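Asks: Protein chains in written order, with my numbering: chain A, 517 to 830; chain B, 9 to 477; chain C, 16 to 306.
Warning: the hint list may mix true and false statements.
Derived coverage of chain A by chain B (criterion: at least 3 residues anywhere in the stretch with Cβ under 8 Å from a Cβ of chain B; other residues may be distant) [stated by the list, open to error]:
1. 570-576
2. 588-598
3. 657-663
4. 678-687
5. 773-786
Hints in this document: simulated from the structure, not taken from any laboratory.
Here the structure is a predicted model, which means the values were calculated and not measured.
Built from N, CA and C at the ideal position, the CB exists for glycine as well.
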Amino acid sequence: MSGNLRTRKAHVGRRDRWEAMGFLLPSFLLVMLFFVLPVVITGFLSATDMSSSTGFRHWHWVGLANYAKILNSPRAMSRLWLTLQYVALTLVFFNVGMGLLLAILTTYVSPRMGTLFRAVWLLPRVTPTVVYVMMWIFLAADAPYGVINQLFLEPLGIAPRYWVAAHPLLAIVLVNGYIGASFGMIIFTSAIQSIPVDLFRAAMVDGASRWKQIRHVVLPLLRWPLLFVIVYQTLSLLTSFEQILILTDGAYNTEVWALWAYHRALNNYWGYFQWGFGAALAALLVLIGVLLSVISLRFFRLKALIQRPLIESL
Amino acid sequence: MGVAHLLAICCLFSSPGCASRAPDDPNQLVIWAFASQAEHWRADNAYDAWMTLKKETSLEVFRSMSVSAVNDPASLSWGDYKKKFVMAAEAGMGPDIILSGHEDIAIWAQAGYIVPLADSIEELTARHPEFEGILDRLWTACTWRGKVWAIPQDVECRPMYFSKTKLKELGWSDDAIDHLPERIQYGEFTLDDMIATAEKAVRRGVVAPGHGYWPRPLIGADFLQFYVAYGGRLYDPDLDKLVITEEALIRWYQFQRRCVTTGVTPDDLIGTAWRIWHDTVAHNRVLFWNGGSWHYADWAENYLSDVGGARFLREHIGYALIPSGIRGRPAGTLSHPVVYMITSASASGKAHQRLSLHLLAKMTTPALNDRHALESTHLGILKHQMYHLPPPSHPRFAMLSQRRDFLRDISYMLRSNYFLPNHALYPLYFDILWENMLMAQTGKTTPEEAARTAMDELRAELGEELIIE
Amino acid sequence: MEKLSEWTTRIALVLILVVVTLPILLGYAWLLISTFSLRTFGLMPVNARGELGGFTLRNWSFLKDPLIWQVTINTLVFALGITVGVVFLSALAGYALSRMSFPGRRFTLTLTLLLHAFPSITLLLAIYFVLRWISAVPIIGGLLGYNTLGGVTLVSTAMQLPLGIWLMKGFFDNVPWDMERAALIDGCSRLRAWWAIILPQIRPGIFALAIFSFIQGWGYYSFLIPYSFMIDQTRSTISTYLNNMISTTSPVNYGQVAAVGLFQLIPVLLFFLLAQKSLLRIFSGGTKGAA
């Protein structure tokens, strides 16, 4: 009987190997084409002087010269620091903090109210970026155009100004945060809703206050979604720049690393593209991203998350 | 509705769901232009020129050919439009004729995307006499390493605008106001005078604080005008090298900073939304500001239509060259001609280079060019347009007569204009000057320190290609 | 007494929600108002003299442009293409990662999450090279290469795959495997078991991922990727159509831009309100696994 099981298992194992490949093949192909290969190409590009004036034909290998140029740039350090601040602040206060707050609040108010607020928070995510950013520009605009100045500050007698220029870091955090929070909101709400009702009932019977329910029932069960959101959104934020591109285009010292790379390689005033240099910037960003996620995966013990496949215990 | 729009709609109905026309039809001559609606003739003039060409020549090749002129409204900026061209050219899907700023000549010539048109202007005009009408100095912008690479399409200038009514409030006589452009032209009214006047206006409450002088709110070559105003040189065409004049650089950065410290310009002006900037200057709330000549029509139509449009502008707003930074030195302005270039066979995937030049010759006629200049308030590229633009003949042009007055008024500026360098590394040169200017202007570093950093970066980035004065 | 305190807490909670949501509420109020105005001072529509007035309907005149309907259909096709692609491919891959044992499984899973660190956006140029190589392949090139709608759909699908695969794996982890095992022992093929037995059981999860992909495809992905890899962009998606109106060469009519933006919002918003219950199941898979 036991011997029979063992051969069966071995058989399944071998068959699994081939079948798994079949199941994974289409995704594998796409991932190779649009993730792995581009990273390799970017690596190669970063070792060339390819630019608008060399075209894709008359370029030269320059080794690590582009990386040296980044290190020697008087702006590299401040841009790296800015990027880290921006990612950390947005992540903590919005993508995780606000996301969690919204998930809990919308669960505890009436279902209809919850739906309404969730829908409202989804608006920034589905609005075309240009329109969404334009809305912030006019919220923060100087008098007489700005809404914030008109509604809140003028009545209080505070001098109006263009608030994006006054607090640029806060501005880019807010503009991105108000989009990013809804990702956490959806994930966390869905996780809370999948908590068995019995657990809440048991807590109620024990006379636990609402806060205690959250503290002892909800939060512990959110560990895994929290990890997921933190890792996923850290990477999203590191590489996101579209909103900043439209909001300030890097003015007021808001040129985060990803925007720097985009500006150099693909989008700038004169339409002069430094593909080699831009690729080096992008490659460093990939490196930072991989490092950060490896660290956080270690920290959160990824192994626990990757449970063994069910069928294996057949 | 332009022909291009009609065509677009026809295409739309004939090919539902298909988002791209056949880009590689070998019998189609394709022209790309980047233009606003007011500037649509940049592309659409090609259709009329094509008709002329077909009538005048009996060449068999024309029978099977057609023209497609694409005004690209989807690119967000010149930079993005150029990106699209570069990517298409590398894929061999580029157009046969590309419209762009003249500063792309050196870059695209080196990359092999465009071809030279002739070895000299004489050779070019001998082949196509239509080109003789073009203003002589515009050829400077179309020449690189001794060859002609492009045909001018239109040109503009970037005046210093000022509020006549605000000056009057400040106690200026009508006569003094009328003569301001002239005094600026001969270097009698300098940038220092401008700051002093603006300061006075702010102090007396004629304009709000920070509304004494507004530069362009965004990155742009306009700022180089102050470097030149302080005696800076950009380019040496004989050696084909970029030039930096250290003394002028320092004084330019000091000027930018002084605008902020004297309270005539807000320290956060650069980054202001265009909409807000235009609305403020057009409504006569600023004393001095820099804009483009093409802004004039925009203000009349899109910002002031309900307070009288062009009439409001005539009443309140004047324009002059950019004042010199050095007393007694004549003033100038930067012109940035937009030019047509002909692409190489590898970039377009076709061999229509000779035919393209034929077509460009027919597009360089007074009739087609006047029409464009008037509708878009760009300056014409032709000699006759310096002295008179024809009266608007078409009833649709009746509203354009005020624009004609404006164009006539500023056409003298084309005698004191200069151009950006036709050098492949110019964008790098500009970026360094720009980033350090921002540091100086916002007070992150002193102007002198910013100039020093800029010099270091220029040396490192440009090496042999830079002359230091 | 208890009822009362229940009520006050509820009101307090709603108040907190309103406060944190205020920027969005004000912002969209401004958007809506500006679509009916020539210009605005704060939330007030004004005429050129700065007095209340300047109401107009002309910002909505783009609805008469046949092109807007064409690009709406294109955007729909694009977003649906992405949705189908993402759901189908990640259902396949997610199943293998959840159910099958093969060498490199753990590595594949980690890598899938790490893929997100590869900034698709900054790799645009490299992706351009890949698309051009695809273009060079006969037949396929014309469908999926550079400057094809198929190509941009494919790229956008790939961008969403890592998330899709992870979520799908979570759903599969949650399904008991008794029925499937019985079927397999009976000699049913893996593919058949996947299609006929398991997929129906995770229908809510599939629906949730589909909604999420659609929303992302309709909004986020319909801009930068078509914008970068299509030559004739005006006629590709609503987002690129919008560019017509905000290009730096033209005077920007913000009211009109806002109107197109709201127009693009409407279908997604309706969709969300109808389907939010399903969307909120997006993560119910993963929780049990870790609990």
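Asks: Each of the hints needs a verdict: does it hold here or not?
Replies: Status of each hint after checking the structure:
1. With a threshold of 8 Å between beta carbons, the proposed coverage of the region 570-576 of chain A by chain B holds, since 5 of its residues qualify and at least three are required.
2. Check result for the region 588-598 of chain A against chain B: holds, 3 residues qualifying (beta carbon to beta carbon below 8 Å, three or more required).
3. Check on the region 657-663 of chain A: 3 of its residues sit with their Cβ under 8 Å from a Cβ of chain B, so the three-residue criterion for coverage holds.
4. Evaluation of the coverage hint for the region 678-687 of chain A: fulfilled, as 4 residues show C-beta separations to chain B shorter than 8 Å, against a requirement of three.
5. With a threshold of 8 Å between beta carbons, the proposed coverage of the region 773-786 of chain A by chain B holds, since 5 of its residues qualify and at least three are required.
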